[in-house]
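Work the whole structure out from these sequences, hints included.
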Amino acid sequence: MKILSLSGFVPEHICDTVRFTGYSGDTAISHYCQYVADYISQVLYDNSIDGAVFPKSCDSTRIIKSYLGETRKFIFQIPVPARIDQYSTDFFANRIKEYKQALESYFGIQITDIEKRIEALNNRNKEIKLLYDNLENISYCDYLQGIHKMLVSPLFEQRVPIVKKTTSNGKRVHLAGSFLTSEEILDVLEKSGLKIVSDNLPESGRLANRKPCEIDGDIYKNISKNMLSTRLSPTQNNFNEIIERDIREIKDKEVEGVIFITQKYCEAYDYLYSVYEKKLNSEGIKSIKISQTNSEGSKKFELALEAFADMI
Amino acid sequence: MVESAIKLQSTLMREYYKYFSRYARGAKPDKKVAWVTAFTPVEILETLGMYYYYPESYAAVIAASNKEQPFLEKSEQCSLCRDCCSYSCCLEGCLELQEGPRGIPPKPDILIATNNQCNTLPNWWNILAQRFDVPLIVIDYPGESADKQQAYKYVTEQHKDLIFRLENLTGNKFDINLLEKNIQNSTESVYWWNKVAQALTKKEIKPTAIFDYISYLITQRCNSGTIELYQALYEEMKELPDADKSLIPIFWLGYPLWYHPKRYLSEFLDGFRICGSNYITWWNLDYSGSNAFEKLFSAYNYTFLNLSQKNRTERLTKQIKDSEAVCAVTLHNKSCKCDFVSAKDINIPQAELEIDMIDRNFLSLEKTKKQIDLLKETVCTH
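Residue numbers (the numbering used here), protein chains in the order written: chain F, 139 to 450; chain C, 73 to 454.
If you are wondering where the hints come from, they were derived from the structure by calculation, not from laboratory data.
Honestly, I wouldn't trust all of these hints.
What the hints assert, rightly or not - With a straight-line Cα cutoff of 30 Å, these simulated DSS-like cross-link-like pairs (lysine-lysine) come out:
no. : chain 1 : residue 1 : chain 2 : residue 2
1   : F       : K427      : F       : K140
2   : F       : K402      : C       : K416
3   : C       : K146      : F       : K438
4   : F       : K238      : C       : K220
5   : C       : K225      : F       : K402
6   : F       : K238      : C       : K225
7   : C       : K225      : F       : K203
8   : C       : K179      : F       : K416
9   : C       : K220      : F       : K359
10  : F       : K211      : C       : K416
11  : F       : K416      : C       : K225
12  : F       : K140      : C       : K416
13  : C       : K104      : F       : K416
14  : C       : K225      : F       : K427
15  : C       : K225      : F       : K359
16  : C       : K416      : F       : K203
17  : F       : K235      : C       : K382
18  : C       : K139      : F       : K402
19  : F       : K235      : C       : K225
20  : F       : K349      : C       : K225
So, in structure tokens, the structure goes:
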């Protein structure tokens with residue numbers, strides 16, 4: 139089975155999914171995140187895809203099901219709690235359990251290797267952390283491309299990328315935002331003389347900083363706790379913690395500027411940026427916001443990034 | 073009877089706005105203040121003796137006062153992307169500039185947001201939390217994405233937690249009997265509102281009135297004055313002439329246009345009669361259950377925008393059928409993608425308009441006229 143997953147809120151602990159990275163589709167919806175629209179396209183029109191699993195965490199993901207209603211593929215939406223406490227952890231644990239049961243029922247399978255998968259995930263994330271902590275000595279572009287390639291593979295075949303050391307010195311920047319769909323931007327960044335030394339992307343900084351998931355006890359509660367306590371997404375509604383956490387890292391790593399990358403019509407990040415930028419300003423840190431219009435690459439940000447590099 | 077309704081309206085308005093800066097003259101509210109989203113279980117706040125204000129509603133007032141543009145510009149200058157919900161952009165501009173048609177709402181002691189209409193509002197409330205540096209409570213309503221028993225447990229835990237936190241904030245003791253009474257008031261407001269709203273289908277009434285009257289159900293639903301107002305309006309509407317059946321009955325599918333003097337595109341709808349609208353039914357909350365917590369769960373977990381597409385389609389189809397509409401104006405509202413998907417499976421001729429309920433500059437008048445003319449032609453040739 140080949141299930142296309144969207145977002146870091148889909149528990150890899152349960153079964154293999156293919157992480158959505160981009161697709162050139164025809165689905166276009168007014169004022170709607172094109173990244174999600176491209177996801178809908180792939181689920182609907184890519185015959186190699188057997189199903190879809192995605193969260194209910196923002197306005198675009200909230201209504202994905204409305205657009206997938208007619209497909210006969212496996213469709214599962216995971217409601218991600220909009221708050222973080224014991225109640226939401228328990229609630230999310232039950233949703234994860236339901237997800238497993240829905241998979242078993244639809245595909246006629248038995249999922250019996252969750253503990254083994256948790257161990258593999260803990261090890262993988264530990265290896266990502268080693269790379270992440272060494273970002274200033276490697277090519278960020280190679281690192282992130284390697285991560286993206288890894289995330290579309292089955293868990294037990296995933297190999298953390300081997301990234302060559304580099305001696306290039308650029309102006310030290312922090313990358314903030316949602317899943318980075320346009321890898322070309324990374325090339326532009328490096329060519330503009332910018333050196334990414336930290337990030338809070340769901341596929342990088344957030345995975346690298348995820349604590350190991352416990353195996354003993356209620357496995358679903360463990361997974362829930364593990365996922366919800368990871369470095370936060372703005373959809374979890376604690377902007378304060380995101381900003382404070384990022385500022386700490388930015389200061390520790392002596393960052394000179396922040397590049398905030400969002401998808402157009404991704405309101406959660408748009409709202410976050412409006413206060414994130416103010417906080418950075420008050421700390422004397424410059425930032426630039428780059429808004430991607432779809433999940434395909436674009437080089438239109440070249441000039442803006444070059445100017446930003448000059449400014450910092 | 074007309075005078076009575078007007079008097080009741082003005083009492084409710086005076087009560088709601090008394091601590092807005094333009095009228096308060098420096099007086100501080102004598103109770104704790106919450107800023108809430110439109111589907112917050114305010115019966116709990118009322119029970120604990122709090123004032124609560126609706127920033128979304130005030131953004132609508134700003135647009136209706138023809139003042140939204142400088143506020144939208146200001147919020148954009150302050151890095152809030154113009155793609156975000158215009159309610160938030162408009163209000164953020166108002167707070168930045170410290171001006172508004174009725175002044176500024178009193179500073180909140182606490183912020184309460186819910187996700188039973190969209191996921192955007194809790195994000196906006198995060199910005200407000202940064203601005204005012206006060207606690208933020210988000211109530212997570214899973215809607216139909218979890219089975220009823222588990223959803224009830226989860227939502228009720230949160231409602232009880234809300235009570236606990238508000239008791240601490242206000243120093244007031246929670247009284248379950250008073251909560252039951254407030255829920256009963258809301259139930260009656262909904263009952264009488266429903267009767268008022270039905271006049272749109274049967275009587276010769278301007279939609280403007282209905283779009284404006286609903287504000288009391290949104291902002292003061294557990295106030296007994298709201299029940300009285302709707303009873304008075306219902307009596308008044310019974311006397312109105314029947315709807316003109318020679319006009320084409322059309323359904324207004326989406327928000328009222330708050331910036332528009334009539335709240336709808338009256339200039340393009342000659343020959344049409346608006347006979348129904350989904351917006352005016354959104355606050356017809358169903359407080360069914362055998363105790364207060366079941367009633368709150370039923371009302372706030374299953375709001376229209378928190379239903380599955382299938383149930384939304386069913387409900388909307390019934391509303392359209394009951395209204396006898398033969399076509400619809402469907403608003404692709406830039407500020408509410410959760411709403412415009414509601415009309416996805418509606419099978420009557422529609423003019424689908426790109427629009428925003430606050431930002432008047434968003435609409436292309438020329439294109440709209442063509443779309444509505446085409447709709448008229450389609451309906452008339454069938």
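- Message: Tell me the hint numbers this structure goes against, listed in increasing order.
- Response: When the structure is compared with the hints, numbers 1, 5, 11 and 14 turn out to be violated.
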